[in-house]
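Student: Chain by chain, the residues run as shown.
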Amino acid sequence: MNKILLIIQREYLSRVKKKSFIIMTFLTPLIFAGFYALAIYFSIQGVKGTFNKIAVVNDNKTLTEKLTSKQNYGYTYVNKSLTAMKAELKKTDFDYILYLPEFPLDQPHGIQLLGTKQAGMALNNKVSDEIENLIRTQKLKENGISQQDLDKLISNVDIDTKKINENGQDEDSSAGASTILAFTSGVLMFLFIMMYGIQVMRGVIEEKTNRIIEVMISSVKPFQLMMGKILGIALVGLTQFILWIVLTISISTVVMKVFVDKKDIQQLTASTTVKGGKASVKEGTVQPKMENNAGEAIKADSPLKTIQKSMASLDVTKIITVFIFFFISGYLFYSSLYAAIGSAVDNETETQQFMMPVMLPLFLGYMLSLSVITNDPYGNMAFWLSMIPFTSPIAMMVRLPYGVPNWQLALSMALLVIGFIGTVWVASRIYRVGILMYGKKASFKEMIKWFTYKN
Amino acid sequence: MLSIKHIVKQYAAHRALDDVSLEIEKGKIFGLLGPNGAGKTSLIRIITQITAPDSGEVIFNGQRLNSDHISQIGYLPEERGLYKKMEIGEQVLYLARLKGLSTAEATRRVKYWFEKLEMGSWWNKKVEDLSKGMQQKVQFVATVLHNPELIILDEPFSGFDPVNADIIKNEILELNKQGATFIFSTHRMESVEELCDNIALIHRSKKILDGSVAEIKEQYRNNTYWVEYQGAYNTDLSADLFEVVQREEVKGKTILKVLLKEGRTANQLLAALLPVVAIHRLDEVIPTMNDIFIDQVKQKN
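One line per chain: the protein sequences are L and E, in this order.
Numbering follows the numbering used here, with no gaps: position 133 of the first sequence is 140.
Numbering follows the numbering used here, with no gaps: position 291 of the second sequence is 300.
Pulled out of the complex, with its shape left as it was, chain L reads as follows (with noise of 0.2 Å):
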């Protein structure tokens, strides 16, 4: 036992130390920080920094009823004529016209609006719905429905998603909230297999190649050298899983109060709560204030108050050990398998026709679970997925922010148990023979017979 430990000491700590470890485990929170804090930056952008002013030329006298401000852009009615205010536009702080003609209710063309940059698509997009809403009112009214009745007809529709839990409870979660943390542990269990898989294999075969392996042997037995690798390196995994939460936390915590002032962040908060509804902005009112558009605050969805909600309603603590323990699991069921792989050749180049039938099921579990997973977190086939130790690492994690009942997570934990219980046992049958051969070229063949050696 004692060599084990020793054995896992120094695979971690030479791991630990090389400067390739250290450099990715430090810059990827940083990069993971750099775009959350890039993310958040171009939402407050959204919010402050487009403001278009429009001046409305209306030379219609059918159309009664006003264009309202909204958040990013407010209409004030001028008594100018378009020439006129053409000519004037560079001069004035407006920048667009819109041009509202005179045309009967049921046929609205000829309108423009003009600006000295073009308008964009969002813009021109929702000028032109609103012009619609105008003409719809305006009809309305004409046919003797009153204001009041317009009114109540106005209902703003979000939909709330709850989940109900077992006590009958109703929790509150999102949709897009999950999707977004199902696919990220998804693609992180994926890529801490895969990486720490193949560390293992190169361990392996660069003990082979430095021949240093029958030295070790005759000190201690393969099973305590093939072991002592593969928790070491789980160990130098979870290091960096570990930091990553923990420097990419605290990087976004500090970027988030050196670079972003809390008065953006306030407006932020508040604007994704404000949708559309019955702005009381003025005519003429140019920049809509926040109080006005508090007392009728919405929820809604934004990117940023999905992740924030997102927090709050999943159970983040659980998702957290959930993963540790299935990257240790699946990792030990996986990594068994590339140290056989790794004691069965010379050269990493000779690796190529066992990765195959070892890839490929971690692969198929990664795109079945991106993709039919997340459309169908309940359905027959991410139950099976979730439940065959093969896929299930990744599975489990991807459905797991949708919701799973606790006895289909102890099953598929059980059955990963056993699932790398089993190919440790294989792999350290193979390994034991393998770590031996020297210029043998490997087959599976080769090593069911090795599998089968006595002792």
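Each hint should be verified, as a subset may be incorrect.
Here are the simulated PhoX-like cross-link-like pairs (lysine-lysine), alpha carbons at most 20 Å apart as the crow flies [what the hints assert, rightly or not]:
id, chain 1, residue 1, chain 2, residue 2
1, E, Lys309, E, Lys215
2, E, Lys135, L, Lys24
3, L, Lys133, L, Lys73
4, L, Lys26, E, Lys135
5, L, Lys25, E, Lys93
6, E, Lys35, E, Lys14
Keep in mind the hints are simulated off the structure, nothing from the lab.
For chain L, the structure is supplied; the task is to place chain E on it using the hints.
Tutor: Just chain E now, kept in the frame of chain L:
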């Protein structure tokens, strides 16, 4: 101290060791000889417990070989290497600790050996920065560091220059004097004659010869002598005394290799020659281990 009893080891279709028995005495240097693929490495791997025999047993100091004995055996395999990226000092410490030494004890001994073999400045170097000979030295230290009772060296001198080979040879002799038993597997017969007390010759999975080097050589003496003289001697006159195996004339001297007839002695040879020629040299031809080795292997083929 080590008895190998009727060891059989079968690899699929190939029988690597076929009923091999050996006795290795304490404090002796034992040479394990044989051509490539004879089964030497298989036997060593059984002694070092890398593999187990199919039948037969190994007795180490009166006990059946078990994992407790690992720390009492030092093994330098023919295929040897070190972790390339690891620092030398750290690496030797690691190997010593795997043999059961405490960190403090291991450090003390590594320092002692590094000093002794003038490797003190290598501590923080990486293996990949050392020459092959230097790596071999490190490996030798790692093999003997835990003061094993039994030291198994497989081709220990390969990769050494003559100076370093000599240093290592002296270390082997010194350790031997302190009581360590050696098993020495090699093709280099001159080192066998220099170092080994006993040998065993393994050929095609079987032991075909064993015993002390002196005895074996004695067995292989066959009354052949080198005679060098000046003058003319008609060898036909003493056809009942000896038979000329080889004849050479160098700078007026005659060099003969003669095989004495059954029952004849070197004295009789001298008596026949003395009155006629001036004798410069008389040598008994003692077969080298190399000759015996080749002879034995050829015979069995």
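Student: Given the proposed pairing of lysine 26 (chain L) with lysine 135 (chain E), does the C-alpha separation stay at or below 20 Å?
Tutor: Since the Cα atoms of lysine 26 (chain L) and lysine 135 (chain E) sit roughly 15 Å apart, the hinted pair holds (cutoff 20 Å).
Student: Within 20 Å, alpha carbon to alpha carbon, are lysine 133 (chain L) and lysine 73 (chain L)?
Tutor: holds (15 Å)
Student: Check whether the Cα positions of lysine 135 (chain E) and lysine 24 (chain L) lie no farther apart than 20 Å.
Tutor: Judged against 20 Å, a Cα distance of about 14 Å means the pair holds.
Student: CA of lysine 25 (chain L) to CA of lysine 93 (chain E), is that 20 Å or under?
Tutor: holds (13 Å)
Student: Please verify whether lysine 309 (chain E) and lysine 215 (chain E) have alpha carbons no more than 20 Å apart.
Tutor: holds (11 Å)
Student: Between lysine 35 (chain E) and lysine 14 (chain E), does the CA-CA distance stay at or below 20 Å?
Tutor: holds (17 Å)
In summary, the structure agrees with every hint in the numbered list given earlier.
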